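Novice: Starting from the structure of chain P, add chain W where the hints point.
So the protein sequences, as listed, match chains P and W. Under my numbering, the first sequence has 393 at position 393, and the numbering climbs by one with no breaks. Under my numbering, the second sequence has 218 at position 218, and the numbering climbs by one with no breaks.
A hint or two may mislead.
Copies of the same chain look alike in the list, so a pair counts if it works inside one copy or between any two.
Computed list of lysine-lysine pairs in BS3-like fashion (alpha-carbon distance at most 27 Å, straight line) [what the hints assert, rightly or not]: (1) K209 to K352; (2) K323 to K23; (3) K175 to K239; (4) K175 to K237; (5) K383 to K23; (6) K237 to K352; (7) K211 to K3; (8) K323 to K215; (9) K195 to K166; (10) K23 to K3; (11) K195 to K239; (12) K239 to K3; (13) K209 to K23; (14) K166 to K239; (15) K352 to K239; (16) K175 to K323; (17) K3 to K352; (18) K175 to K215.
Simulated from the structure, these hints should not be mistaken for laboratory data. Predicted model only: the values in this text are computed from it and were never measured.
There are 2 protein chains.
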Amino acid sequence: MQKILFVISDGIPDRPIRELGNKTPLEVAKTPNLDRIAVDGISGMMHTVDIGVRPGSDTAHLSLFGYDPHDCYTGRGPYECAGIGMQVNAGDVAFRANAGTVDEQGIVTDRRAGRIESTRDVIDALGKITISGVEFDLQPSLAHRIGLVIRGKNLSPNISDQDPHKTDVPVHTVKPLDHTPEAKFTADVMNQFTKLTVEKLSNSPFNRKRKESGKLPANIVLFRGAGSIPHDLLSFKDKYNLRAAFIAGGPMYRGIAKILGMTVAEFAPSDGVTGLPNSNLDAKVRRALELLPDYDIIFVHFKAADSLAEDGNFRGKIEFIEKIDRAIKPLAERNDFITVITADHTTACGLKTHTADPVPVTIKGEGVRTDDINAYTERECAKGRLGTIRGQNLMPILIDLMGLAELYGA
Amino acid sequence: MQKILFVISDGIPDRPIRELGNKTPLEVAKTPNLDRIAVDGISGMMHTVDIGVRPGSDTAHLSLFGYDPHDCYTGRGPYECAGIGMQVNAGDVAFRANAGTVDEQGIVTDRRAGRIESTRDVIDALGKITISGVEFDLQPSLAHRIGLVIRGKNLSPNISDQDPHKTDVPVHTVKPLDHTPEAKFTADVMNQFTKLTVEKLSNSPFNRKRKESGKLPANIVLFRGAGSIPHDLLSFKDKYNLRAAFIAGGPMYRGIAKILGMTVAEFAPSDGVTGLPNSNLDAKVRRALELLPDYDIIFVHFKAADSLAEDGNFRGKIEFIEKIDRAIKPLAERNDFITVITADHTTACGLKTHTADPVPVTIKGEGVRTDDINAYTERECAKGRLGTIRGQNLMPILIDLMGLAELYGA
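The following block holds chain P by itself, in its conformation from the complex (with noise of 0.2 Å):
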């Protein structure tokens, strides 16, 4: 049975650009790893959740995973949780959050309390939460950011933020977004915990100080991106009966991993994976390829071409998808496993924000039916023979070409 490697450039996808001649970041690149990867593969596009839906980064991963989102996706909480190493079960809701500052009218005047460098403190002062048999379980993520987790009878994930995502408004009340029960009590919790923290965190002793040192108190947690796992929801083993692990350095994208019960790939701060430009791919690279005899499919997720487009600065982005063509030559040069290469959106540098064009896709593998594209971009793998195909249906297609899928009838 062949192996697969999995190589998911987030973002690397992009329009033309008019300072560019007209061209996108992948076509002016110099990428000779992976245009060799097009030669001796097929190449096709892929519209990760479908056609004209603009993915979110979580939303794309799971349709990238085989999953609907529109089957197991509510919000992003659960991923954030569980990527910095939350548990996150079924029933529970999840949340993103901050420590932010509301002034006395209860206005958000900064929503993320004067960048305050943990929120260690906050959550220490906060203590044990329990509102209406509702326990709030509560973890420090990286500066301002909180992760929220909430355990309980008969919750729902379908209730509107609180967090009004700017500033100079006021706290949003949480609003049940169905008739259920479960979505009014959820949202009543709350808005109780709202009320809650605002007053526990105001005359906290470390406000005082921060307030003292001419700093912004950190007195409101704002949180957004309910969301909950269904009950049903399979893991990747349990769908596919394949062994995967997942490597990554952003916490909602190991948190997906997590949720599916893959194996996430750890880091020493000395291995350099930093999820940021400067971060050390060859790294990433080297661990799959020690993972190869141990797991039957290694995603490996490479960050930065996301974010640089998402500041605009496509010379920034060429430059990063010229390092991830160096970290990949060992995939382009070996021939004993699949390689996928793709991206779970298109990051657009002139929008400075995803958008629903569809990615490039190459897959190479023994038993391929390969085509004559020569370069892994998004205008030559839309003349490859892959055709134009979901992101649900690559899992499929891959599930196949490794020889193990079920058959349909007899």
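Specialist: Same frame as chain P, but now just chain W:
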């Protein structure tokens, strides 16, 4: 109105094969007639069931005929039974069955009762069987094979196989696969049937005679592939208002056509239509052309490329493809009807089984928007302007080409 001659070459598509210089049998075979049809027609690729779905022969053919197997397919039994001339009505449950051998502990020691030549004696020894009001109809098929249809009230095809599909293991107890009383009742009846066949056959005179002559006794009826025909299944005639004829050697294929109400051509043994590599393909094509005045669409099925690929015999597959090519010469030469050239699924010599890779499809006829494809192969047709379609798309395309499609709207 143009008529249609629709050629299904079972399993002729393949994957690139290393020993063939990474070409497929279709790419290596000399096929001037198939290629001429590609030159004169429009080509594309077709997922007979869906992208990444590995089709059985039964589900693939239902899809080619424009039926959604998810709606109408429950198991292969009805098609096998109808193929040997048995009556299968809505409400019946039909099985593929074998005369087999079990020891006194109920362990299957041979799934074909020592390759018994005929099951006539087995069926006679069983006599008329009725269990809990359910009537059993058994008919001999080739060698060890038996057609089994049960008739009665409240039957369900949603039960597991009793045949363990291998030897040296006990016969399986049939289990209901859903929670309906019908599935439970049917499973109970079939478990009683197993017990009864072993009791009746173990002490039968013909098995004493087999033992005396050193042969394995045929002392159990092994069964699998329970299926039924939905009450609302439209005949091909009712679905399309076309008179259809079907030409094939294999019983299962003939069974599907019979269940859909097509005319199934009969051949005399002297015609040499065997479904094997030695089959007389010219006789099939000749018959198709003879039937053309009386029918609107004629399907011709060539079997052996699939069987050869399942043996991994790519040289034999190439030879058989060239034999198909010679047989369809009249279709390459004639332009007074629509010719369709396609396959039910890919059969990969490397894996010796069906795969989900799409199959090439070419349509030639008046009104076709031709393209520049000049070879009927997996990798050439993938560049064709028909694009990538599903099996269920093909009949509507043909109906429209004939000028018979219903207007949607006004």
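Novice: It remains to establish, for every hint, whether it holds in the given structure.
Specialist: Checked hints:
In this assembly of identical chains, K209 and K352 lie within 27 Å of each other by CA distance neither inside one copy nor across copies; the values are 38 Å within and 73 Å between. Proximity of K323 and K23 under a CA criterion of 27 Å is satisfied intra-copy only: 19 Å inside one chain copy versus 34 Å between copies. Taking identical chains as interchangeable, the C-alpha atoms of K175 and K239 lie at most 27 Å apart only when they sit on different chains, with a minimum of 23 Å there against 35 Å within one chain. Taking the shortest Cα distances, K175 and K237 sit within 27 Å of each other only across copies (26 Å), while inside one copy they are farther apart (37 Å).
Taking the closest pair of Cα atoms, K383 and K23 come within 27 Å of each other both inside a single copy (17 Å) and across two copies (21 Å). For a Cα distance limit of 27 Å, the shortest separation of K237 from K352 across copies, 26 Å, qualifies, whereas the shortest one inside one copy, 36 Å, does not. Taking identical chains as interchangeable, the C-alpha atoms of K211 and K3 are never at most 27 Å apart, the minima being 57 Å within one chain and 50 Å between chains. In this assembly of identical chains, K323 and K215 lie within 27 Å of each other by CA distance neither inside one copy nor across copies; the values are 39 Å within and 70 Å between.
Taking CA atoms no more than 27 Å apart as the test, K195 paired with K166 passes inside one copy only; the shortest distance there is 19 Å, against 66 Å between copies. Taking the shortest Cα distances, K23 and K3 sit within 27 Å of each other only across copies (22 Å), while inside one copy they are farther apart (34 Å). In this homomeric assembly, K195 and K239 never come within 27 Å of each other (Cα to Cα): the closest approach is 42 Å inside a single copy and 37 Å across copies. In the homo-oligomer, the alpha carbons of K239 and K3 lie at most 27 Å apart inside one protomer (17 Å), although the nearest pairing across protomers, at 45 Å, exceeds that limit.
For the identical chains of this complex, K209 and K23 are neighbours neither inside a copy (53 Å) nor across copies (74 Å), given an alpha-carbon limit of 27 Å. In this assembly of identical chains, K166 and K239 lie within 27 Å of each other by CA distance solely across copies; the values are 26 Å between and 40 Å within a copy. With identical chains, the CA atoms of K352 and K239 are at most 27 Å apart between copies only, with a shortest distance of 25 Å across copies and 35 Å within one. In this assembly of identical chains, the alpha carbons of K175 and K323 never lie at most 27 Å apart, being 45 Å within a copy and 57 Å across copies at closest.
Taking the shortest Cα distances, K3 and K352 sit within 27 Å of each other only across copies (19 Å), while inside one copy they are farther apart (36 Å). For a Cα distance limit of 27 Å, the shortest separation of K175 from K215 qualifies neither inside one copy, at 32 Å, nor across copies, at 69 Å.
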